[in-house]
Structures are given as C-alpha cells and as structure tokens.
Amino acid sequence: MAISTDNAERMMLFVDAEKCTGCNTCMLICSFVHDKVFSYERSRIRVWRDDNRGNFVPILCEQCADAPCVSVCPTEALSQDKGGVVQYDPTRCVGCSECVNACPIGAISLDAQGKLVKCDLCSSLGTTPYCAQYCTAGALQWIPEKLAARRRASKVAQRRLDSMELEEGA
Amino acid sequence: MFGIAGQMLWVDLTHGKVEKRPVERELLNGYLGGRGINAKLLWELTDKGLDPLSPKNPLIFGTGTLGGTFAPCSGRMTITCKSPATDGYLKCNVGSHFAPELKFAGYDFIVVLGRADHPVYLWIDDEKVEIRDARHLWGLDTRATDQLIKQELRDDQIKVAMIGPAGENLVNFASIMVSIYRAAARGGVGAVMGSKNLKAIAVRGTGDISVANPDQFMEAALAARRAIREDEYCWTRSFRFGTAQGVIGANEGGTLPHKNFQDGFMSDVYKLSGEYASEKFAHPEACSSCVFHCGRFSHVRSGPYAGSYTAGPEYETLASLGSKCDITDTTAVIKGNEICNLMGMDTISAGSMVSFMMECNERGLLKDHDLEGLDLSWGNADAMLSLLEMIAHRKGIGDLLANGSRIAAAKIGRDAESFAVQAKGLEQSMVDVRGSMSYALAFALNPRGPDHLTTECLAEFAYTPEVRQLAIEVSGSEKGVDSLSPEGKPKLVAWHEDIYSVSDCLGICVFTDTWSYTRINFENLATMFASATGISMSANEIRRRGEKVFTLERAFNIREGRSGRDLDVLPPRMFEPSPSLKGGEATLTREKLDRMLQEYYKLRGWSTKTGVPTAKNLQDLGLNFLKEKFVRE
Chain L
1 MAISTDNAER MMLFVDAEKC TGCNTCMLIC SFVHDKVFSY ERSRIRVWRD
51 DNRGNFVPIL CEQCADAPCV SVCPTEALSQ DKGGVVQYDP TRCVGCSECV
101 NACPIGAISL DAQGKLVKCD LCSSLGTTPY CAQYCTAGAL QWIPEKLAAR
151 RRASKVAQRR LDSMELEEGA
Chain V
1 MFGIAGQMLW VDLTHGKVEK RPVERELLNG YLGGRGINAK LLWELTDKGL
51 DPLSPKNPLI FGTGTLGGTF APCSGRMTIT CKSPATDGYL KCNVGSHFAP
101 ELKFAGYDFI VVLGRADHPV YLWIDDEKVE IRDARHLWGL DTRATDQLIK
151 QELRDDQIKV AMIGPAGENL VNFASIMVSI YRAAARGGVG AVMGSKNLKA
201 IAVRGTGDIS VANPDQFMEA ALAARRAIRE DEYCWTRSFR FGTAQGVIGA
251 NEGGTLPHKN FQDGFMSDVY KLSGEYASEK FAHPEACSSC VFHCGRFSHV
301 RSGPYAGSYT AGPEYETLAS LGSKCDITDT TAVIKGNEIC NLMGMDTISA
351 GSMVSFMMEC NERGLLKDHD LEGLDLSWGN ADAMLSLLEM IAHRKGIGDL
401 LANGSRIAAA KIGRDAESFA VQAKGLEQSM VDVRGSMSYA LAFALNPRGP
451 DHLTTECLAE FAYTPEVRQL AIEVSGSEKG VDSLSPEGKP KLVAWHEDIY
501 SVSDCLGICV FTDTWSYTRI NFENLATMFA SATGISMSAN EIRRRGEKVF
551 TLERAFNIRE GRSGRDLDVL PPRMFEPSPS LKGGEATLTR EKLDRMLQEY
601 YKLRGWSTKT GVPTAKNLQD LGLNFLKEKF VRE
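If you're matching them up, the sequences are chains L and V in order.
FYI, in the working numbering the residues of the first sequence are 1 to 170.
FYI, in the working numbering the residues of the second sequence are 1 to 633.
Hints listed in this document are in silico derivations from the structure and should not be mistaken for laboratory results.
Be aware that a few hints might be false.
Computed list of lysine to aspartate or glutamate pairs in EDC-like fashion (alpha-carbon distance at most 16 Å, straight line) [unchecked claim]:
(1) Lys280/V with Glu219/V
(2) Lys395/V with Asp415/V
(3) Lys56/V with Asp126/V
(4) Lys36/L with Asp215/V
(5) Lys367/V with Asp329/V
(6) Lys128/V with Glu219/V
(7) Lys115/L with Asp89/L
(8) Lys19/L with Glu279/V
(9) Lys20/V with Asp141/V
(10) Lys491/V with Glu547/V
(11) Lys36/L with Asp89/L
(12) Lys280/V with Asp162/L
(13) Lys82/L with Asp162/L
(14) Lys150/V with Asp50/L
(15) Lys609/V with Asp594/V
(16) Lys36/L with Asp370/V
(17) Lys36/L with Glu219/V
(18) Lys592/V with Glu576/V
A few chain V residues that don't get close to chain L, going by computed Cβ distances all over 10 Å [claimed, not checked]:
(19) His97
(20) Asp133
(21) Asp146
(22) Ile180
(23) Arg225
(24) Ser267
(25) Glu285
(26) His299
(27) Gly303
(28) Leu453
(29) Gln469
(30) Pro577
This structure is a prediction, so every number in the text was calculated from the model and none was measured.
Here a beta-carbon is modelled for each residue, glycine too, at the ideal position from N, C-alpha and C.
With the rest of the complex left out, here is chain V:
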C-alpha cells in the first residue's frame, strides 16, 4: 500500500489476543483514513444503547493517511469511541509523534476491544506486539508512567500514549495523554481506556512509508509548507505566542469566558495572554512535520508554584482555569495545567467544573455539601488546584464533579442546570458563542457537543483582507463577516465542517485550514492524498467524502434515538444576554439558531423538520447502509 502502512491491529484484551488485518483499499477510498475510517469502524462495531464503559465499546486509534510524511502538520491521530460523557459519538484528535511511529511500525489503526482482568499495557515493537503487565504502573501519573515504560523497554525514544489516575478512576472527562505533551482530551476517551484496564500503548517503528507518486507528492507537500511559512501573520503569531495568542483578541471582542460565562471580558488580562506567557515561561514545541510550532513547554521558576513544568498552557486552558474562574495568575494556570496533564484530565472540562462550583458557591447552593474547608470564591487559585486533585482522585466533592457538569448540576439542583455551561453532557469550550453566529451554529451541530474541534469558523472575523474575501465567497453574503448576523452562516459552517473532516482523515492539523486559509484547500489536500495513495481524487470528491464522514458521525447519534432539537443544542446560558456584547440584549436567540439550523438542514439535504438525512442524501453520499437504521421515507 502507498501512503499508509496497510495494516490494522485488533487487540482483544478479554482474551489477550492480537490480530493483524489489512486496511482495504476500498475503505481508504471511501473514507479517506483516520477519522473517517474510525467512524465507519465504530458504526459497524456498536449497536444502539451500548454502555460506553462496557468492554464492548471499541477504542479506535486511527492515524491520518499522510501521517509520517512531510505534508504540512500531518502527524495527527484520531481516537474514536462512544463517549461516557455524552452517551453519543466521540472523536478526539491529537498531535505529537505517536502516529508516524505507529505507521513506521507497520500499522495505521489500533482497535482495542474487551477488558483485561488486570492492568496491562500494549508494546508494539515493529511486527512484534505484546500485552504486558501494568500492575506496577497503575496509579502512577502520566510523567512517571512515560518514564518507567521507557526505562523498562530500554529505549528513551519510543512513543507512549497513556492514561493517568483520572482515566483509571473513570472520570467522565479523563484524557489520553499522547507523550507528556499532547492530550486527546475531550468526552472521556481516558475513562474508556481505563475501563479496559489498559494503562498505555508504547510503540517503536523502524520501518518506512512510501508514496505512489514521489515527485508529485513532494512538489505538492513542499509547496504547501512554503505557502504556510510565507504567511507572516500566521507564522509569527503562532510560533511566538501559540494558541494563547487568542486571549487578548477574545477579550477585546467580549468573548473571553469570564466567571463561568457570566460575561466575556476581564480587566488586566495581559498576564493570561500568550504574549506574556511566552515571554516569561514558555518555549515552542511542535508535533510531527509542523509548520506552526504552536505547542508550548512551560516552566515556572519562582513564586508559590515554582518547579511546575508542563506542556501548555494553550488558549483553552488559560481561559478555562484562568479567566473563567476569575484567576489572572498565569503561574497558577500552569500549575493547574500540570495537574491535569499528570492526572490525564481534560483542562476544558476540569476548569468548567471549577468555575461551575464557584458560581454555585456565589449563589449559596453548596450549603448542604461538605467542601472540606475549600473556599470556592471567585479567583481563589489554590481552591482551583485542590479541586482538580480531588476530581482526579474522586475525593470528597470531587467524586460528584468527576461525573461532569450535567450530572453534577442535576444532583445539586435548585436551578444549577441553567448555568452549567454544557450541552449533550460536554462542557463548552472557551468561546462565548453569543458573539459569533457561525460558532453558535457549529457548536450546536457538533456531534460530540459544544466545542471548537469539529469546526472553528475563524473566517467570520475577517482578520486579513484575504480571509475576509474567502468568508464572503463561501457564505455567499457580505454579512458572512458580520459575526452577529445569521446570514450566510450555514454555508460558512458547512464549508468549515467539510475541510476539517478531510484534514482529520488525512492527519493534517486543522489549524492549517483556518490559520492559513487558502494555503491549505480542497485542491492541494486532494493532490496530496492522490499522489500519496495512488487513488485518484478531485477537490470536489474529497470535499464530498469529508461531508460523508461528518454525516456518518451524526448518524451515530441519530441511531441512539436523538433528532432535531436534541441533536443540535447549546447550553442554556448562551441564550441569555452577555453584558460584554452590544447593549445588554441577547445576541443569540433560539429563533436565530433555529433559523440557521433550518437553512443548514436544507443545504445538507436533510429533513428540515427532524434534521435527519434523507434517503436521497444518503444515496448521494454513498451511505446507503445507514438507510435501514433510521430513515423513514
């Protein structure tokens, strides 16, 4: 096979068996790879109503088709399973260098099924694959796990994906750390891994990957790299400040979550910015074949949190553990980030639990709960840090919070559900969608819940003349760049969803799509795919496959019995007015969202009543096998 290694590893932990199966060319052609093939596998391996923490929930690791090559930012991997947080579809995309190493070892996919009767880890040493005892690793944080496995296997350059105590304790938002730098964070992938008694996967790959048409591939991939690098705006900001470059802009726009999304502006925000953090604490770090180098490695050398070091903090973490809890001390955020990474826990959801509790405290809803002396006032950094540890170990009130804000809010009651900023069971990521209609629509549609990683329509903000032009073209309206207008947003969102989907299948970082608009596009994605795999593919065809994958992921939730309003929801707080936007009026209303959804369903060829794909739509996309499951003609 060209472009890919050509094999899947099927690991049955219940019976301790490992099997190698070929990746069929038809599957690659139909679903492009990575996220797409994962979606197809999950659909086939599961039935409606499956308990996400049962041994039957498959945990699928899928490398991108261009992973291991020098296509720009191409080393990413998608991890897919049913989510314990949402009881719905879950895909987590993650960077680092694990995917290339796995492909060089000879495998594109790992499908983990069953449950081991004691803690184990998987050791993939090229063609030799072993399930090893991990009882001595159980309970260890991710840093210690990484080090011990490397010592035990006597190679400090192998790549390790692992869970920490949060995953072992089945925290609903436990992450899988891929090296100590990158997290597949959202929706509880770590809890699913923990439920299987699988502590880690270690891999060493000494083989190689070849492409079908080397000259054409080299030309296309290197041209794309140069084009991204030549975009000075994007390059300078991402390299110097990482994703945290977004803090000041979001704050100025009134969309930086502050005090659990009560408003979107925080005074004296400079200390939480990428400009400050990069200068003081961080240096850049990169995933495989990256052109942006947005990753950070931070080290605190003085003050109360001296000695903390960790990957991050990203924009999301600075907002989640910082502004959203009314905390401005970056060193406290770095310490909190370190705890989350060591415990293997999503910083977005973990920080959301803290800010949710702070608001409960402000409203006096916690009088019946034993907080063990914690003072949950806004801005109390030490309380934030203690709470993170308690959640990871399910200690005290942490045991309730580890179930996520949907369950915690229901338990606390007294209207707490109205300010738990979650939908479908997933805590919203750090964008106040009241200031951006395309984000609002995209967050509502995202199968895994309200976050930015199924698509992020930055074009709406028209940050360069080039980007502005693209947003107007794609949305078909001058209002496409008016972030409070619903006009043109369905088209804008659909375009972004499709290109994100294609990028995830190919293993290319989605930041290439939206930080360097036009430099990565359906044309060069199709050319790189075709020249790598030898499967002919036009720009139009690759976009349709992206749409197909996105539709299949939605279908998973439809099979679970959801439709219409249940499928496409936002947290209730997003329909309240934000004091930081316009004259205190609600900028996002349910009517506005409904109007966008109606238009969007029509555009996709779905039923405008239920939001379910029609038989014709499924036929056109090549998803006929879905028909019998849920389409009523």
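Just chain L, with the same shape it has in the complex:
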C-alpha cells in the first residue's frame, strides 16, 4: 500500500471502496491540479464503475514496496524515493510502456504525448493528496499508516456481525 513520509508519521492513502458513490470528483480534481485541465484520461486515479451492481472502485498506484514498474523501467525514469513513493522523471522516460504492462492493477497509463500518467500522492505539489481532501463520501482518506489495518478490520468485523444477526434472524 501507499506510504509517504515527512519526518513524523508515515501516512497512507486509504481506499474504502464500499463508500465510493462514483461521483468522479477525485478524477476531475486530479487531472486539474496536475495538468490544469479536466479530463478522465489525465487523471492518476480512475473510478471503475459497475453500474449494474452499484459498485464503484477507485484504482490508483499503490506505491508497491517492491514495485514491478521500477524494476522493468529500462531508463530509470521510475524510482522509489525515501518515503516509498514511486516517482517519475519525464526527462528520462522513452515511452516504451514496459511499466504499463508490468503494473498488476492497471494504475499507469501513457498519454497522447507518450508521457506517463501515474499517481505520486501529490508529492510533486507539496500537499496532501487532493483527491482525499475533496472526497466527500470518505472513500479516499489520508491517514496514518498505523491506523489503516485497524480501520479495515473494524469494517470486516462489522460486516461479520451484521451477517450473524441475519442468520440469527432467519
């Protein structure tokens, strides 16, 4: 999962897909703060819609610890910084798209100019991730890494309790 540092706490972008309502605000804000245009294609985050089941899944770079994109990059255009964020140097990139193929979750794409579109947790802007700042549904949260597992566990526990109640009721 995603991590980042300042000197203090390790933070992460926590994705709670169940809360996503598919408003796409994250996509619109992402393309705008990075590229000054509104565009789904230029967004580093994508909300995958399954209208028929009412599911919306945000997909973005997980800043893998042992990142396949970094390993396959022939020109070291991709590298992991001290905080664990996979950074992109467009001046080294040759547009070979090895990283697009290597990414296990489809979080990297190439734009029309052959440059990478990939999340850097807004580290290049020097702010906390904009998508999390403006996610009103709470599907994207910028939280201390140490709380992430607790939050996930709490949700899973709640679901189990709910299903137990159902069984008792039936």
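Starting from the structure of chain L, add chain V where the hints point.
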C-alpha cells in the same frame, strides 16, 4: 474555447448525416449554455403547431457550461424538444456522467433531427461519430441495452443514454434513461426519441476541457464545494437518506399526496421514508462532481419482490407509486421503480396513471372497460405493478393510459377530468400545492406543466434560521415564510425561477440552490462562469440571463397560441379543500392564485391581462426577435 468543448453535433437521421458546427461565443454569452442554448435552438428550429412526434421535432441534448469540471454538482445535461404530452415547451434536466464524457469527446450539444428508416444508435468515439444499426436492440429494456452496447463496443466504461420499450411504443411519458441510474423523465422525451427510431447514444471521451482562469476558477469552485459540505444539516440528510428524506416532513405537513391527492396524510408512513429505505435497501450513488450524493441504488433481498434492484427510489417515486396509490410496501415501490427504469418510463406520471385508475375504480367508472381481471382497489401493489407493464407495452387498458391522464380522463368521461391531477397534459409531481402558495404559483407558471423542476421554493418552509432570513429578504415580507399566505410569493418564486434557470444553463444541480441556500448564489455562479469561459459576468447580469431563458421558454407556449389562464394553470383538484390542511377549508382558491399571478406578471414586466411579455420587457432582456411573433403593442 474555454469552459466548453466548443462544438455541436448535428445529426440528421433521415439522411444518415452527421455534421459538426462551432458553438458561437455570442450564443454562450447570451444564453449561458445548456438549458439556455437549447431554448434558443428549439425556438429557431420549430414553428407553431409542429407535431411533437414528427421528424421535424428536434431532440436537443445540451451539457452545462461547467460540466466536466469540479464545480459542485456540475455534470448535468438538459434535453429539450416539443412535448408530446403537453404540445408545449419541454426541457428535462438529467444527471449521471454522460455530460462530462460528451464534453471530453469534444461536443457540448447534440441536435437530433429527422427519423431513421430503421432503429439505430449513435456512437460517439471522440472525433469519430457513427450511426449504427440497432435493430437487434429494439424491444430490449434499458439494462439489457446498456450491457449489449458496452459488449458490442468492447468498453464497459462508456456512457449510454437510451430508451426502453415505453419510448419505442411512444408512451406519452416515456423517459430517456441516462445510464441505468438517471432518467430524463418528464413530458415524453423518450417518445420523441422513439419516434426518431433512435434507441441510444453511446459516448467515449478521452479529451479534456480547460478553463480561462484556472486559479480563480479553482478558488471559487472549491470554496463553493467546501461551503456546501460544511452545511451539516443538508449534507447529513442528503447523504444518508437522499431525496426520500422529504417523505416524513411532507406527511407531517399534510402535503404528501395520498390516494390521488384526495388528502395529504398517510398513517404508518415510516416504511416509505428515506430513513427506512436507506437503512434497509439502499446505498448512496452520485452524479458527476456531486457534493450531496442523494442518489440511491436499492436492492431487495427478501420477500415477494426479492431480486429487484434499481436506481432509486426517490421521494417522487415513493409518493407516486406508494402513498398516492395507498401502498406502504417499500419493496413494491422498488419493484415498480425497477419496472419504470427498465421500460424507460417516468415514475411520476406512471404512478399518477395508476392512482387515477384506482380512483376511477373507487367511483365505479370502469365498468365498461376490460381490466383483464385487475383488482384496482387502493393499496393493491400487484395491480400497480401489472398496470405499469401494461402501460409500457400498451397492452389492454394500458394502451389508453399510455396517452397520459388528460386523454385517458376525456375518454373515460363522467367527470373523470375533475380528478385527473394534471395540467397542460402533464401529471403533477408529488407536492400538494394546497399547502404551499409559492409551490402553487410556481407550478402554475412552469412552461412544461405542474412540477417542481422549474423551481422549488423550499425557502418558504424556513427550515433553518438562515433559510428563513433569505425567504424574508427575497420576498420582502415576513409573510414570505407563511406557506398559506400569498403575500411576497411572486417575488420569492421569481428569484427561485431565475437561480434554477442559471444553474441549469451551467449544468449545476438545482438542489445546490435550495438544499444549500446562500452557499450557491448568483455571485459565485457568475464568478465560476466568468473564470471558466473568460466571458465577464456579474451577479446581476447572470440573473437577468436566467430570467431571459425562462421568458424564452414561456414564449414558446405563447407562440402556440396560449395566453393568460391557458398558460398558467393548475389541476382542478388543487382548488378543492384538502382534509389534511386547516379546518377543511380550501387553502388555495382561484382568486388567490389570480392575485399572485397578477402581481407576478407586473413584477416580470408582462401584460397583467394576458401574461404575455411586453415589447419593453423583451427589449430589456435582449429577446427582440420574439417581438414580431406575438407582441401586440
């Protein structure tokens, strides 16, 4: 162009031709976009007396000027044509994510003209636009249509607007479903699409939209988003319960339509409430760039309607298919909502047909009609569901009901017209206007008929101190918040009409105007418009343009030959006393409505006799081209 994509698509289905035309800056400046430009295009493309189902009726899709940006709740689109239900002006505003996708593909407007000789659909893949065969899709419901088109085009993320069987069968209140979540529902837009043999429009947009002044736009838009989000009252209720939050309040106020508007109160209403539905069946879903997330996606897992799933139910649907038919089973309403969405049919009008028939049945007016064994007693959910299917497929008695309640009531006769709750041919939406004078006035004035989407004056109910203050300021009277007093209501209604009009042009959801009063206002709407497009615009100027668009829409109906009383009407039932309000007296009288109308006409600068805009009014608004058509000096 900034803010907009800058192009229109003109589709001639008769000749199978597609043409791209620029959106002129003057047009954007004069009519703001979306609903406004649609109104101008419809005016120019039609003449008096046009048959709404003829190939000459244009079907215009117009995205809002701020669509595709992160301006709050900004992804909406207006669909405009002449209505087969009312023979008058029709605009339908719809959410979802279609408008941003269309703008990213490079188009702000689609103007569909003519009629294809067999069913087709339109595929817009950025600059490539294709008219494709849709014979294999004809007859399919909207869910299957959506899935099949996505499979065929091998992309499950494209956006589709489509009709279902109701639109194909020219049901007078057929909707256009925009994705399977959102309906452009009212007045028969779906029938117009069906009459053109156009099954669907699919779009993929990989381009982008830029704005003239990025820093200023970002500041204004994000500040507005934060302001709305910080309004805890509005946020909590809309996110948790959606529009269905209104059920219990309307019931307490005696204005929840019950038994075809016979009264406005239903006991044991909790099961129809947003509080109950959200807890049991629904989770929130949102249109593009939304801050409220009022949309619902519901799934019924047990009971006789297990397996039903659909977008909704909204307040309107819970009242229309529920309380108005004396049905309290939410799962039946969800099932009914699913049928309407699959068939592509307006839940408001469809439910109105059912409750109208139930009252006909109660009065013994249906003895000459073959009901095929249907028991139309109040509260019979299965009869409601069967009737919906029959209407969509024009089967049996459904064939008559598919024409809407104006025509059905005339055919059934024996005074049925007195309790068909429609005016101008449109079934009234689910507010009993006898309990609210501003709603009564606004519903009467609405060019498309008595409903809440040209304006909804919630401020009258003064639900927070802030809202109360605004209502008093705008109406210029302490009585502005007395919902049974006509005083101050003309000003209150005019203000609401103007801000709704501006919001629709910009593609901003009108709920922002009235759920988060003051947080969206003419000032920040003007700032967002100006910084996005680079066209300078003050708060006052943008309001005047809103008024101009509203006047132009009214002008369409005047050109059809209507004036005065014909233009501004309410269903007859609204002048009967409601047992749920006051001591059984009529709360709304024709005199009261007339008094408000007179005052309103004067305020707008229209003739107080005929309700027609004067030459001076048209001059002031920049609508000189209307003069020759209908103004007698």
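Hints versus structure:
The suggested pairing of Lys280/V with Glu219/V is violated, with an alpha-carbon distance near 39 Å, which exceeds 16 Å. For a cut-off of 16 Å, the pair hint linking Lys395/V to Asp415/V is broken: about 25 Å separates their Cα positions. A hinted pair counts as satisfied when its Cα atoms are at most 16 Å apart, and Lys56/V with Asp126/V does not qualify at roughly 27 Å. Of the supplied pair hints, the one linking Lys36/L and Asp215/V holds, its CA atoms being roughly 9 Å apart against a limit of 16 Å.
Distance restraint check for Lys367/V and Asp329/V: the Cα-Cα separation of roughly 28 Å exceeds the 16 Å cut-off, and the hinted pair is therefore not satisfied. The suggested pairing of Lys128/V with Glu219/V is violated, with an alpha-carbon distance near 35 Å, which exceeds 16 Å. Between Lys115/L and Asp89/L the alpha-carbon distance is near 10 Å, which keeps this suggested pair within the 16 Å criterion. Between the alpha carbons of Lys19/L and Glu279/V the distance comes to roughly 15 Å, so the proposed pair stays at or under 16 Å and holds.
For the suggested pair Lys20/V and Asp141/V, the alpha carbons sit about 31 Å apart, so the restraint of at most 16 Å is broken. Proximity of Lys491/V to Glu547/V is assessed by CA-CA distance (about 13 Å); at most 16 Å being required, the pair is judged to hold. As the CA atoms of Lys36/L and Asp89/L are separated by approximately 19 Å, the hinted pair breaks the 16 Å bound. A threshold of 16 Å between alpha carbons decides the hint, and for Lys280/V with Asp162/L the separation of about 12 Å falls inside it, so the pair holds.
Taken as a hint, the Lys82/L and Asp162/L pair is broken in the structure, with Cα atoms around 42 Å apart against an allowance of 16 Å. Under the criterion of a C-alpha separation no larger than 16 Å, the hint pairing Lys150/V with Asp50/L is consistent with the structure, at around 12 Å. Note on Lys609/V and Asp594/V: the hinted pairing holds, with a Cα-Cα distance of about 11 Å set against a maximum of 16 Å. At most 16 Å may separate the alpha-carbon atoms for a hinted pair to count; Lys36/L and Asp370/V exceed this at roughly 63 Å.
Of the pairs offered as hints, the one joining Lys36/L and Glu219/V holds, with about 13 Å between alpha carbons and a cut-off of 16 Å not exceeded. Distance hint between Lys592/V and Glu576/V is fulfilled; the C-alpha atoms sit about 13 Å from each other, no more than 16 Å. Not every beta carbon of chain L lies more than 10 Å from that of His97/V, the smallest distance being close to 6 Å; the non-interface claim is violated. The Cβ of Asp133/V sits about 24 Å from the closest Cβ of chain L, beyond the 10 Å cut-off, so the non-interface label holds.
At roughly 7 Å from the closest C-beta of chain L, the C-beta of Asp146/V falls inside 10 Å, breaking its exclusion from the interface. Non-interface status of Ile180/V relative to chain L is broken: a Cβ of that chain comes within 10 Å, the nearest being about 5 Å off. Listed as a non-interface residue, Arg225/V fails to keep its Cβ farther than 10 Å from every Cβ of chain L; the least gap is roughly 6 Å. Annotated as non-interface, Ser267/V keeps its C-beta farther than 10 Å from every C-beta of chain L; the closest such distance is 27 Å.
Separation of Glu285/V from chain L is inadequate, the least Cβ-Cβ distance of about 5 Å not exceeding the 10 Å criterion. The claim that His299/V lies off the interface is violated: its Cβ sits roughly 7 Å from the closest Cβ of chain L, which falls inside the 10 Å cut-off. Against the 10 Å criterion, Gly303/V stays outside the reach of chain L, whose nearest CB is about 13 Å from its own CB. With a closest Cβ-Cβ approach of about 21 Å to chain L, Leu453/V is found to remain outside the 10 Å limit, as its non-interface label requires.
Annotated as non-interface, Gln469/V keeps its C-beta farther than 10 Å from every C-beta of chain L; the closest such distance is 26 Å. With a cut of 10 Å on Cβ distances, Pro577/V stays outside the contact zone with chain L, its closest approach being about 43 Å.
Checked against the numbered hints listed earlier, the structure breaks hints 1, 2, 3, 5, 6, 9, 11, 13, 16, 19, 21, 22, 23, 25 and 26; every other hint is satisfied.
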